[in-house]
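Chemist: Next come the chains, spelled out residue by residue.
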Amino acid sequence: MRKRKWGAFLLFAGLLLAGIVFLVPVVLTVIGSFLIERNVSVAGYRELFLNCFPFYRMFWNSVLYAVSVTVVSILISVPAAYAFKFASFPGKRVLYVLYMVLMMMPLQVMLLPNYIGLRDLKLLNTPYAIILPLLFSPLSVVILHQYMRECDVQVVEAARLETNSCIKIIWHCIVPQIRVCIFAVALLVFAETWNLVEQPLLYLDEDKWRNLSLLFSEAERYEAEVLLPAAVLFMVPVLLWYLLFHDELKKGLKL
Amino acid sequence: MKKKLSHGTKWNLRCTLCLVPSLLGIAVFFFLPYLRVLYYSLINNQFQKKFVGLRNYEEVLGNSYFQLAMKNSLLLIGIGVPILLLCSLVISFLLSFSMRRFSFLRDFFIFPMVVPTAAVVIVWQQFFAEVDSALPIYALFVWKNLGLCVILLTSALTTIDNAVYEAASMDGAKAFRMHLRISMPLITPTIFFTLLLSIVNTFKIFKESFLFYGSKYPPDYSYTLQYYMNNHFQKFNYQSLAAGSVLTSVLVLVIVAAGLLVQRRFQS
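Just so you know, the sequences run in chain order H and W.
The first sequence runs contiguously to residue 287 in the working numbering.
The second sequence runs contiguously to residue 288 in the working numbering.
Fair warning: there could be bad hints in the mix.
Below, a list of computed lysine to aspartate or glutamate pairs in the EDC-like style, where the Cα atoms sit at most 16 Å apart [claimed, not checked]: (1) H:K117 to H:E224; (2) W:K224 to H:E224; (3) H:K200 to H:E189; (4) W:K236 to W:D152; (5) H:K282 to W:D127; (6) W:K236 to H:E252; (7) W:K255 to H:D237; (8) H:K240 to H:E250; (9) H:K283 to W:D127; (10) W:K224 to H:E230; (11) W:K236 to H:E250; (12) H:K283 to H:E182; (13) H:K154 to H:D237; (14) W:K91 to W:D240; (15) W:K164 to W:D127; (16) H:K286 to H:E182; (17) W:K164 to H:E224; (18) H:K117 to H:E182; (19) H:K117 to H:D184.
It is worth saying that the hints were derived from the structure and are not from the lab.
All figures in this text were calculated on a predicted structure; none of them were measured in a lab.
Isolated chain H (complex conformation) (with noise of 0.2 Å):
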């Protein structure tokens, strides 16, 4: 008996072990954004906020994206996902077939067809360059669709006696049942947005939207004190979000 907890207690202290060494990146970026050449000190955080003028403009344009690209998502994916679920129509397995397929798509086999489709709509150098193609992520109709799975479909035909309106019914009967899974494609979409890298280093010319990202790919452009400070407020809105729903990311995906 007696080694058997010896043998729980050293498996926690694993596992403990692992679990803070996959904080320490974190962690060791916000140390370091108060030290300057081994001195604690706020330096940086003044140089940041008082002669670094394209971090404002940088951080903005990075809330524009993440902020519209995960309302509008969510707006378009939660209607298609219900689609799939509820409608029938000729296609629709080869149709998911395809939904699936292109979400498990890496982002370099689409940089392409997305520069061509933008440019003939001539959308270059525009925001909407960096958020139309985003809007219509199929991981998350994919998610959606398979947290749907488990929805109390009597609901929906109980509300079908009261009304004809598939926004209604998606709405007061969907909506309540699936919004756990909503927070979660939410906190997924809005965090790869605000990381985003190639879009804006490909589709942009001007240094006028691009976003706060690319403060840490051209790192070479800025001043190196400001770096780490600047890595701690990209941080910041991410991990608020993440304090607030990180129960329902956890319950939220089942695929």
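Starting from the structure of chain H, add chain W where the hints point.
Modeler: What follows is chain W alone, placed relative to chain H:
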């Protein structure tokens, strides 16, 4: 009866319409441009538009940088993915059974999923400054993807009925053997899907590698498809880009199709 049927059809039509915005966007931004890319990969250049068959493909496949990028991707699939899967299986089993009381530890592993890599990459560069191998990229890969695997695996493990274990332990099964014989087969579909997703996610690590090396040129062992693509984007060399995109998409398609086929085999 007839009236009711048409009523149902109308309703069905309305439900189908809900798909239209998403489908339209996918068509405009992904599907139709992809067809054009397919066309681009078969012509000599955008001006003459002469059909050259598979010559662009031959060129890309013969290009040593494309080969290097592919080799590195396959290495990550062959080495990184098994490590990732093994770690996430061990952690998921521990969190779901022997360490159930400490399931808060799961948050530690999920956390990196949402942390923007661009933010931690500076620390990563400093920490691995002396390392002369692809290790930092493999570490980033595991760090970033473990959370998703753990979420998927633990949520599959919690759906297993406890009665199964009670029955097994009545027969005197030891914990380790019990999980090997009972839990593993029960969550095989999920393990399999996690494997597939991890393989596909190896391609997503391009962003991390790109951030890690910054605008420096990467060493050979970390050269990825993203660098190849960026080079050709800068040179406006759409033909090679197109052929490269199509080849990569075919590779992913083959992996996904093979995966789904094997999974179907398992189930039946």
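Chemist: Take the hints in turn and mark each one as holding or not.
Modeler: Verification of the supplied hints:
1. For the given pair, K117 of chain H sits about 26 Å from E224 of chain H by alpha-carbon distance, which is inconsistent with the 16 Å threshold.
2. A distance of roughly 11 Å separates the Cα atoms of K224 of chain W and E224 of chain H; the hinted pair therefore holds under the 16 Å criterion.
3. This hinted pair checks out: K200 of chain H and E189 of chain H have alpha carbons roughly 13 Å apart, not beyond 16 Å.
4. At most 16 Å may separate the alpha-carbon atoms for a hinted pair to count; K236 of chain W and D152 of chain W meet this at roughly 15 Å.
5. Only pairs whose Cα atoms come within 16 Å are accepted, and K282 of chain H paired with D127 of chain W is accepted, the gap being roughly 9 Å.
6. With a CA separation close to 10 Å, the supplied pair K236 of chain W and E252 of chain H stays within the 16 Å bound.
7. A C-alpha spacing of about 15 Å is found between K255 of chain W and D237 of chain H, which places the hinted pair at or below 16 Å, so the restraint holds.
8. Our distance criterion of 16 Å between C-alpha atoms is met by K240 of chain H and E250 of chain H, whose separation comes to about 15 Å.
9. Using a Cα cut-off of 16 Å, the hinted pair K283 of chain H and D127 of chain W holds, with the two alpha carbons roughly 12 Å apart.
10. Proximity of K224 of chain W to E230 of chain H is assessed by CA-CA distance (about 11 Å); at most 16 Å being required, the pair is judged to hold.
11. With a CA separation close to 10 Å, the supplied pair K236 of chain W and E250 of chain H stays within the 16 Å bound.
12. Our distance criterion of 16 Å between C-alpha atoms is met by K283 of chain H and E182 of chain H, whose separation comes to about 13 Å.
13. Restraint check for K154 of chain H and D237 of chain H: the C-alpha separation of about 14 Å stays at or below 16 Å, so the hint holds.
14. In summary, the hint linking K91 of chain W to D240 of chain W is supported, as the alpha carbons are separated by about 10 Å, within the 16 Å threshold.
15. Using a Cα cut-off of 16 Å, the hinted pair K164 of chain W and D127 of chain W holds, with the two alpha carbons roughly 13 Å apart.
16. Among the hinted pairs, K286 of chain H with E182 of chain H is consistent with the structure: their alpha-carbon atoms are about 10 Å apart, no more than 16 Å.
17. Note on K164 of chain W and E224 of chain H: the hinted pairing holds, with a Cα-Cα distance of about 12 Å set against a maximum of 16 Å.
18. Proximity of K117 of chain H to E182 of chain H is assessed by CA-CA distance (about 11 Å); at most 16 Å being required, the pair is judged to hold.
19. Proposed proximity of K117 of chain H and D184 of chain H is supported: the alpha carbons are some 12 Å apart, at most 16 Å.
Checked against the numbered hints listed earlier, the structure breaks hint 1 alone; every other hint is satisfied.
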